[in-house]
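Asks: Please work from the sequences and hints to get the whole structure.
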Amino acid sequence: MSAASSQSAANTRVNLEHSTVLLIDDNPKSLDMLSSIFHGFGVKEQIKCESAAEAAEIVKRRAVDLILVDCSMPEMDGYDFTRWLRRETPAPTRHTPVIMLTGHAAQSSIQKSRDCGASFVVAKPLTPTVLLRRILWLGGDEREFVECETYVGPDRRVRNFGPPLGEPGRRAGDLSTHVGEPAEANMDQSDIDMLMKPMRVAL
Amino acid sequence: MTQVRTTKIKSSLAKQLERPGGRTIADAQRLAEAGLQSHKADIMADLGRLIGQLEDLCAAAAPEGRERVYVLAAALVDLAGFFDTGPLYSAGYSLCDLSDRMRAPAPWNWPAVEVHVKALRLIHTGGCKAGAESDILLAGLRSVLGAFTAAA
Chain A
1 MSAASSQSAA NTRVNLEHST VLLIDDNPKS LDMLSSIFHG FGVKEQIKCE
51 SAAEAAEIVK RRAVDLILVD CSMPEMDGYD FTRWLRRETP APTRHTPVIM
101 LTGHAAQSSI QKSRDCGASF VVAKPLTPTV LLRRILWLGG DEREFVECET
151 YVGPDRRVRN FGPPLGEPGR RAGDLSTHVG EPAEANMDQS DIDMLMKPMR
201 VAL
Chain B
1001 MTQVRTTKIK SSLAKQLERP GGRTIADAQR LAEAGLQSHK ADIMADLGRL
1051 IGQLEDLCAA AAPEGRERVY VLAAALVDLA GFFDTGPLYS AGYSLCDLSD
1101 RMRAPAPWNW PAVEVHVKAL RLIHTGGCKA GAESDILLAG LRSVLGAFTA
1151 AA
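Those protein sequences? They're chains A and B, same order as listed.
In terms of this note's numbering, the first sequence is residues 1 to 203.
In terms of this note's numbering, the second sequence is residues 1001 to 1152.
Treat each hint with caution, since some may be false.
Claimed, not checked - Capping the alpha-carbon separation at 20 Å, the derived lysine to aspartate or glutamate pairs in DMTMM-like fashion look like this:
#	chain 1	residue 1	chain 2	residue 2
1	A	K124	B	D1042
2	A	K29	B	D1042
3	B	K1118	B	D1046
4	B	K1010	A	D141
5	A	K44	A	E17
6	A	K44	B	D1027
7	B	K1040	B	D1056
8	A	K124	B	E1018
9	B	K1010	A	E57
10	A	K112	B	D1100
11	B	K1010	A	E144
Please keep in mind that the hints were generated in silico from the structure rather than gathered at the bench.
Replies: Printed below as a string of structure tokens:
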């Protein structure tokens, strides 16, 4: 990135003044640090919960714009909370963006992490810059929300490449696997070159 | 075939972010970093206490302390991960890996835990600075973890 474009990115404005953020972590000191970060981002309304069960009661009662949850907590962990949010709450609550924070990922939780339906998993070490970048990315998130028996949450494929070659797709937007016979002769290389790099021709 | 439903959603967060006003990204980052740094001294003291609890577990070497090693190491990584604690974070992460792998059915190895805890104490006492000394310590921890993985 050039100096000019990085300067212009830094001058871009972010407005989180009217957003409500729900912070969930069983460690009160982590909660305080997250709160300081969001205060710096300009978030005025923050709800801090030391357990996922307490957070579940809050989202049943009121809407929030963003949820930050620590993955490992006693009893209901961040994965279980997100899974519950995605499956058991009505829209639009179930669509709330969720950022999952992870320190160490235990082997037993890797599958849960993939399938819980978090919008983003942010691994520590955490910096405010990385966190803000993820929030801005979520603001422009164009992924579809997927609901099926085994998964509920944002499309885990950030870019939709469609189903594997030769496999039938499961979504309405997936292209057919049937390519068919060519309608006309293949282009030769010079035609392709001309398409890629048009040149002035002297006649 | 599983029934799949897809919906295009525009979250309230996206709508909020489109509103004019707010602060520049540079200001937001600077203010957030300043707020975070105000906790650093307190957290460094907490990290020292966590290492002390790990030292107590190693001294006792009791079977009932095994699960607690992972809990304390994960808590250390969680807190250390808010700051640039470089080698301390890496050593803590290595202890998490080790204690996670040593959960049943693999045999528990207290000396492997102890060498991690000693490294954590050295790095913490030295102010969590990265350098040739911490590189040697971390290389040693990697070989302990590697040897254990190969043996398990």
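Asks: Now tell me if each hint is right for this structure.
Replies: Tested hints:
Between the alpha carbons of A:K124 and B:D1042 the distance comes to roughly 19 Å, so the proposed pair stays at or under 20 Å and holds. For the hint pairing A:K29 with B:D1042, the CA-to-CA distance comes to about 9 Å; that is within 20 Å, so the pair holds. Between B:K1118 and B:D1046 the alpha-carbon distance is near 17 Å, which keeps this suggested pair within the 20 Å criterion. With a CA separation close to 8 Å, the supplied pair B:K1010 and A:D141 stays within the 20 Å bound.
Restraint check for A:K44 and A:E17: the C-alpha separation of about 6 Å stays at or below 20 Å, so the hint holds. At most 20 Å may separate the alpha-carbon atoms for a hinted pair to count; A:K44 and B:D1027 meet this at roughly 16 Å. For the proposed pair B:K1040 and B:D1056, the alpha carbon gap of about 25 Å is over 20 Å, so the pair is violated. With a C-alpha separation of about 28 Å, the suggested pairing of A:K124 with B:E1018 is violated against the 20 Å cut-off.
About 24 Å separates the Cα atoms of B:K1010 and A:E57, which puts this hinted pair outside 20 Å; it is violated. Between A:K112 and B:D1100 the CA atoms are separated by roughly 16 Å; this keeps the pair inside 20 Å, and the hint holds. Restraint check for B:K1010 and A:E144: the C-alpha separation of about 10 Å stays at or below 20 Å, so the hint holds.
The structure is inconsistent with the numbered hints 7, 8 and 9, although it conforms to all the rest.
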